[in-house]
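Residue numbers (the working numbering), protein chains in the order written: chain H, 1 to 357; chain E, 1001 to 1332; chain R, 2001 to 2397.
Bear in mind the hints are in silico, worked out from the structure with no lab data behind them. It should be emphasised that the depicted structure is a prediction, and the values quoted were computed from it without experimental measurement. There may be inaccurate statements among the hints.
[To be verified] Straight-line distance between alpha carbons at most 25 Å, and here's what the computed BS3-like set of lysine-lysine pairs gives: (1) R:Lys2059 with R:Lys2100; (2) R:Lys2258 with R:Lys2048; (3) R:Lys2048 with H:Lys298; (4) E:Lys1327 with H:Lys130; (5) R:Lys2258 with R:Lys2248; (6) R:Lys2301 with R:Lys2048; (7) H:Lys298 with R:Lys2258; (8) R:Lys2162 with R:Lys2100; (9) R:Lys2258 with R:Lys2301.
Read off the chains here:
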Amino acid sequence: MINGNLKASYAADERILDNGYRRGFVWGAALLAAALPLVASDYVILIACLSGIMVIAVVGVNVLTGYTGLVSLGHAGFVAIGAYGVTLLHQALTAMGVPAALQVFLALPGAMALAAAIGVLVGLPSLRVKGVYLAVATLSANFIIIFLIELDALAPWTGGKTGLTTVDPNILGWVFDTQREVYVLIAALVFATVLLVQNLFRTRIGRAFIAIRERDYSAEILGISLFEYKLLSFAISAACCGLAGALMAYFYARVLPEQFELLLSLQLVAALIVGGMGRTMGPIFGVVVITLAPELLKVVMSAVAGGSVEAAQIRAPLQEIVFGALIIGFILFEPLGLTQIVDRAMLALSRWPFARG
Amino acid sequence: MGQVLQFAINGLMSGAIYALIALGFVAIYKATRVVNFAQGYIIMMGAYFYYTFAVLLPAAPWFPDLIFAPEWLVAAKAEAAMFSPAAAWLTWLESLPRVLFGLIGAVVGASLLAMAIERVLMRPLLGQSNFSMIMITVGLISVLSGLKSVFWTGDAASVPHLAPNPAIRFELFGSPIFIFGANLVSMCIAIALFGAIVLWLRRSAAGVAMRATSEDQSTAYSMGISVPRVFATAWVLAAATGAVAGAILAARDGVSPSLGLFGFSVLAIVLMGGLDSFAGVFIAAMAIGVLEALVQWQLGGDWVEVTPYIAVLLVILIRPHGLMGQKEVERI
Amino acid sequence: MTQPLSRRGVLAGAAAALAAPAYLRAQSSEYIIGVSLPLTGPFATAGKLIAPAFTMYEKLCNDEGGIGGTPIRFVTEDSGYVAQNALANYQRLLAAEGEKVVAYYGDSTAFMKLVGPELTGAQARLMTSTSFASDLDSPYQFMSGPTYDDQFNILLQDIAQKGGKTVAFVHSNTEFGADPIAFGQARAAELGLDVVLVESTKPQGADIPTHVTKIAQANPDYCILQGYVTGVWPQLIGGARQFGLQTKFMGTFWGMEKLIADSVTREAGPFLEGYQGVMPYRYSYDTEGAPRLQQIAALAKEMLAGTPLETYIPTWGMQALASLELLTVALRRNAEAGQAMTADNLAQAFGSIQDVDLGGYYGGPISVTDNKVGTGRVYQYSTETNLFSPISDWFEV
């Protein structure tokens, strides 16, 4: 653990990974993530892919809720835009005759841009309302986005309730058609997103977001344009969720509107609360907990009750209760999330044995 | 014209139920400044309590028979034609003890639940940020919905109506109008309850305490008002009215977990009307009820579900604090 | 500053999760058939009534020697009627058990559509489900009855034969509800029937008075209800009867359950008298000349004693049993031919089922065409006897 950071030059001070521990941590993580597809079973890859997609989406929510202080209960809508957007863009690009090997480079940013644009639109009420009003406004937006996707009149494009068959990404001729291959793509993008967003908060924009979170009126007096930065925050946040959605479309062979309903929005927010809002590691810890909790529950229950149908039918309700209890428990007992617990543990570790706690 | 009226009447009947649910949101908000996202799930629990006490328990072999069936009633029922108004009245009379037992069970059950929630989850957060309280209620959504599935199946079972349910048919402007008797009575119950509670909050000591608390918590404290008690009252009030609304809805549409999601559309209505204005939410509830019925008529069922959400977005953009809500004054 | 804890955590958790299946893998060889059922969520009632059918069939099949001596085993999991959960169940089972999984029983139209494109290469398994969706295009997905389109076809033909003029379609706004509507409209036009109302409702907690009002204003001769399981359809019919509507209501497979009709009759009165609908199978009490159904009834008495299913297997259970019988035929044929249990071989063995008598599930020997069994007949419910009885011959579609 670090007890002090000696920085001998400005360059050293300006690095994202400003000390050896962080560098070691990130490189070690990258190595582990890279080694995973070589050793892990299909099952682990499956869980890793789903968690990776969730992490990207929760990082998006973190930008808005954790750093800018705007509550959203509708981010699943942006994930939906990303998933449908990327699929439709692939279709359009194929129709225009763009070679398959190059489509990803247009479709992926295109889907993110589309999500960002919708994000700005949904963010408009944030200029006039805050807190619960905004929560309900975003919630409404989520319902409306799903409704539009399911609408019969738009079904020729969106597939309506039956959903759309997605494409396998093809990057310069490498077709990602197995989960193990898609894992590589997801892992790379998780690293990129987390580091880029971390970097964002060392810039003028990121500092403006934090100022708005602390007190929006004071920020405005300091010369930060609320109009510009709140919408920018919505755009960046939605773009991350759009990226997660696009990866979901790449991962699954088909997307259905029911994948993007309120439940997903709540999961995203829950992961953030559990992990810790406004912290880089928050989304990662949070996603690990809310993905692993059901798996652990499954293991415990099959150890206790075996594979009986009675056990199977009580598991989902228990899972729901645990999920809710995690949100409530963290808010009541550790509002700063797991990151804070980890920080405290690290601090105790670094002082040990000279001081405790 | 007749058709418009038909749907307008249907709309007013559901609007009244929206208003009764909305009352719970406003009461909790006024007293505690918390918006209860889990209100719909408390209503759902109320409906399941009603189902338990009115249907499941009376059906259990060890439970005393709750059917009111003196000889004259049985004889009259055998004579009455099926679906005749007389049969509807007799059926209701027969199940009246069950209905009352169910209603009491629902109100008491939901109130106890609300008291537990308030005491265990909300009170420790007294004075904490609004965000935490909102998120607790969001967590509560999962907990309640999970608890429901542990104790009850996802059954869409039928439960007895609160009121006799004869079909009422008449002609208006040359087109036939159909109304269900029970819905008409439910509308009256909902409006009467709404009015009575608003009046009570305005006139009684408890109501004054609640308004004082909503103005300024610490001042209310120092004036000798027991703020925790005000909080508990508000939660119980919300749960009790919610349980009645849940029972009405369960009798109308069948008991099902979808009642939980229903709460979100009412929340949209509440924001439209203004979080702290009883009059505002009443108007909004009635308006949305009618609007939904007309949308149902012209555009079909799919559009109905998003009607309140589209409406609330439009209203928020124009009047950020709803039709009649007070603008919050923030100190910097 | 990122990732490793997630990866490490995932590894640790997954290692624990894999410990149990790894232990089982060491045991004697077996064939696994995965099952996703809606044990929670909106259609939990149905899921819980279907589940015992699998326990029974496991015993029935293994007592008869399994698949060429190898026992079968069902791994049942809950989906909550969420297609994504069912897909996760499927993917997890494949990841954990690999080649031992020979077939899968899915739980919804949405799941079948979601999983369809995933069924390629090593990820493909022969698959059936509770759904009769009309546009399942994967060669590995089959159904043990007619599609919803076909069921609408049967009902509309029946209506036309009986001289009906106008018909209304009321359906839930789920995939399963909307599935046959477009076909129904086209087919009605061909038959000269006038579709006076197409109404979409919520699958549960629908606003009954408003929907009934719309039916009343359209006042059709017949009204077909599609996409409901335990709720909404009885309330709609009850409401319409109260208004004195003469409309005849009809349902498709999922709205034809005796247990639901009975409980509605008990709770709300005998208004389902005369309710009709199409069923691909015989009801479990219709055991005359059906040796297999008698065998199952005896087994149910023994295994399900003390439950309501002791004397009656719900239609949804019958669907599961019929599908499993068909699946077993395919598995056994494939085993006899000494071929590997790949999805392609099994699909081929399945497609070869011609004129097979399953002992009473259907009207007679059945054949598989286009991955479905296209037969069914119209039944009518009586509140006197609490039974559905046939009122038409078997239709072939």
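Hint-by-hint comparison with the structure:
1. Note on Lys2059 (chain R) and Lys2100 (chain R): the hinted pairing holds, with a Cα-Cα distance of about 19 Å set against a maximum of 25 Å.
2. With a C-alpha separation of about 15 Å, the suggested pair Lys2258 (chain R) and Lys2048 (chain R) falls inside the 25 Å cut-off, and the hint holds.
3. A threshold of 25 Å between alpha carbons decides the hint, and for Lys2048 (chain R) with Lys298 (chain H) the separation of about 19 Å falls inside it, so the pair holds.
4. Proposed proximity of Lys1327 (chain E) and Lys130 (chain H) is supported: the alpha carbons are some 12 Å apart, at most 25 Å.
5. Using a Cα cut-off of 25 Å, the hinted pair Lys2258 (chain R) and Lys2248 (chain R) holds, with the two alpha carbons roughly 18 Å apart.
6. Taken as a hint, the Lys2301 (chain R) and Lys2048 (chain R) pair is honoured in the structure, with Cα atoms around 18 Å apart against an allowance of 25 Å.
7. Under the criterion of a C-alpha separation no larger than 25 Å, the hint pairing Lys298 (chain H) with Lys2258 (chain R) is inconsistent with the structure, at around 35 Å.
8. Note on Lys2162 (chain R) and Lys2100 (chain R): the hinted pairing is violated, with a Cα-Cα distance of about 51 Å set against a maximum of 25 Å.
9. Proximity of Lys2258 (chain R) to Lys2301 (chain R) is assessed by CA-CA distance (about 18 Å); at most 25 Å being required, the pair is judged to hold.
Going through the hint list in order, the structure does not satisfy hints 7, 8.
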